Every structure is written in C-alpha cells, then in structure tokens.
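Visitor: Sequence:
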Amino acid sequence: MKKLKFSTLFLSSLLIIGAVSCTETIDGDMPNQNDPTTTASSFEETAIPEGFTFKTSQELTLHADFEGIDEQVLYEYRYVLPSGDVRQVGKMISNAQSNMNHPVRLPIHVKNIQVIARTTTGSYLETTGITGNNVYVTFNSSSPTFTDVTSNQRSSGVSSTDTDSDGVIDSNDDYPNDPNKAFDSYYPAYDVKASYAFEDLYPRKGDYDFNDVVIDYNYHFIKNAAGHVVELIIDCNGVQVEAGLVHGAAIETPYPASYITSVTGYYTTNTVVELDSKGIETGNDTNKAVVLLFDNMNDRLETTSGDITMTDDIVVTVVLNTPADPGVHWNFNPFIFRTNDRSREVHLAGQDYTAHFDTDLLNRNDADNGFETEDNHPWALDIPEVFEPPLEGRDITNVYHNFQAFAESGGATNTDWYLDIEGYRNQNKIAESVDLE
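Residue numbers (mature numbering (1 follows the signal peptide of the UniProt record, and there is no 0)): -22 to -1, 1 to 415.
Everything labelled a hint here was simulated from the structure, so no lab data went into it.
Do not rely on the hints blindly, as some may be mistaken.
What the hints assert, rightly or not - Ranges between beta-carbon positions, derived for each pair:
(1) Ala74 x Thr105: 46 to 54 Å
(2) Gly388 x Thr99: 41 to 49 Å
(3) Asp63 x Ala390: 44 to 52 Å
Said to hold, decoys possible - Simulated pairs of lysine-lysine, DSSO-like, Cα-Cα distance not exceeding 30 Å:
(4) Lys159 x Lys256
(5) Lys256 x Lys183
(6) Lys256 x Lys266
(7) Lys159 x Lys266
All values reported here derive from a predicted model rather than from experimental measurement.
Beta carbons: idealized from backbone N, C-alpha and C, even for Gly.
My request is simple: use the sequences and hints to build the entire structure.
Guide: Written out as structure tokens, the structure is:
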C-alpha cells in the first residue's frame, strides 16, 4: 500500500485549541470551533434524514454468463475512476456452463462495473451500468476483446492442469499449490485504502472535523474455489490531528469466534484488551469475534508533519478454519476506544456496541440511544478513499463542498463528495498528501 503523510500550513497558536478540542468535557461546555471566516452552514446545522447512516458502499450480486461457451470462465471485476484509473476489486470462477453469481461490494459513487471474461479462446471486456442490487453482464463472440497481459491471461491451448485439485485450473488460480485458497478480492480495491474517520468526544459532540482518529484500511479477502472467505488480511494505519486523547481501535467481525483459527499482527501493550489464545478479544458475543488492530495508537506514531501524525502500517491476519459466506464478509463494525478506558467506544452510525461498552453513555449529553445525535449526526464516517482530514476545528462541510448535499439528501446525491476532483474541496483548509519516499 502506498503510505501517505500530510503537510499543512496552520497557525501554531491553534495547537493549544486543538489539544483542548480532544479533551473530554462530559456534561461541560464545548467552545465553537467552526471556521470563523466562513459563511457556509455548519454540519451541526445540516438537516439529516431520519435513519440515514452515511453509508458509502453498495452491495451487489454480479451475474455473468458467456453465451455459446460451456467451460470454466474466470470473471474479473473492477471499476474506473473519473480520472481514468482502473481499480481491480476481485475475481470468481464460473460453473462448467460459464455462469457465475457472486456478491460484490463497491464504493457508492461507482456507476459502472467492468467485467473481464477469460476463456480458452481469449479475454473479453464488457462494461455495464449499476441500476440496482443485481448487475447482469452477458458475453458472446462479439464482445470486445481484452488485450492487456496479466498473470491470469489465458490463450488457446492453455493447459488444464489443476495442481492442487481444488477444481480451479492453475491459470485461473491465485494459489495454484494450495487447495484451500483460490482467489483474491479487496475492498475498496487492490492496492487502495479507504478510511474510517472519528470524532472522539462521545457522548458529547465534537467540532465535526472528523480528524481526531482516522484509520486508513484495506480489506484483502482470500477465498476458496467456492468463493468463501478463508483468510482476511487487514492492512491499516492510524492518522490523527492534534488529538489530546489516546485511543485503540478494533473491528467486530461477522465471523463467529469458533470459525477463527488465529489472529496475528495486531499491536497490544497487554494492559488494555484481554485476548484469548487465538488472538480474539474475550468477553464479547461469540457470534461476532472482535479483532484488535491496536490498543495504543500513540505508541505506533512515527511520522509527524505539521499538525498530523501517522502510525506505521499494521497488518492483521485472520485465518478461518470454517470458510465464511462471502455475502457477509463486508459486515464489519469498526470502532475506537479509550486506551485508558476500554468501555468508551465510538462506532459508525447505525452500528451496535460491544459487550465491553458502558451503556450508561447511550443517552448522556448529545447521544440519542446510539452513535447518532437527536438530529442524526454521527460520530464517525466510512469513506471509500483515503480521507485527507480538515485542519483542526474546520467543520467538514466547510472543507468538502459536496458533503452537506450528500448528507441532506440521505445519500441520494453527491455520492462522490470525497473524490479528489477540482472544486470539490477547499484545499486551504485541508492537509495535502505527499509521498513519503
């Protein structure tokens, strides 16, 4: 994964204000930290439809078929950004009659999906629009050929060898020597990260800059020949802007604890979170295993530039002993917690808390029996791109120009508000990213 750091120009005197903004003030008063120079409305004044959870992904079933061919076809699926960049998401094999039905998760702004069919006679490309939860693509002999060469490119006369005897020939198999693994898929895409962005003062509102804790992440799913998940790799790093509190982060997975053989790669001080012999947090719902990412973000901070600090990469691997239905493999519940108090969790809107959460917080201060305010404002966002956080105290609606319309419409419009497109952002109030190298 490309690792980013951020550089900002910002008045040094605001460092003190930034530290105060991330200091707990339950039942106390919070200063107004919205940008005093703007006339734009704030996020707090934005009317949010009841029940809107700020979801930025879409779950689909991809149906593919190749007319006139009765053979095993490898279907690869991907999407194209407005810039023209192509992002590979995953692949799946068909049955012997070239038919495939497979669940797919894509960012909400994606309106078209590209599918490549790799057959014994060549490779073909079709593009189809997304108009509902079911996407159908049909290939035939007139379909446009696809000529780029990849590791899985097939040609006439290719060997039908299946070294690991998993039912997937070697030229289609990402793991030709492992009978338990066959295909890779990703969210948001191969070699691309998304971001979870948090306000950390729950149950009190923050300043809505969503920069207290940002977790950049990529989910890499390894699937077997049937398309079921056998391993999950979470590649993540933490980002923060002048945060005064210390946090950990974890993910409640859709996998029962009994499905998991091991969890490795997390960072723990062994003082905050109790883990069992597999690496799963103890004391939670056994049908939804909680996987730790890190329990002390400050311990892993290594890159500082201006107002922003970042951790190194943390790569957590979850090995399953029972293959999991691919239809549930995106039902993740990420959250942060206080390093000095595991019971102080912050989740995405519409998500539930774990067994370790202090339920007395649910209706205190600004919380309205969950992780939304009475006016449906969240404490966290899931963004299917690497989020460049606003400067400290800069309200997100004054930085990302289309976010307010997205929120007010309940996600019906401006679904690409987070993309790096000219005119979409106030660059003077946002950190600019540059390569570390």
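Visitor: Can you name, in rising order, the numbers of the hints this structure does not satisfy?
Guide: When the structure is compared with the hints, numbers 1, 3 and 5 turn out to be violated.
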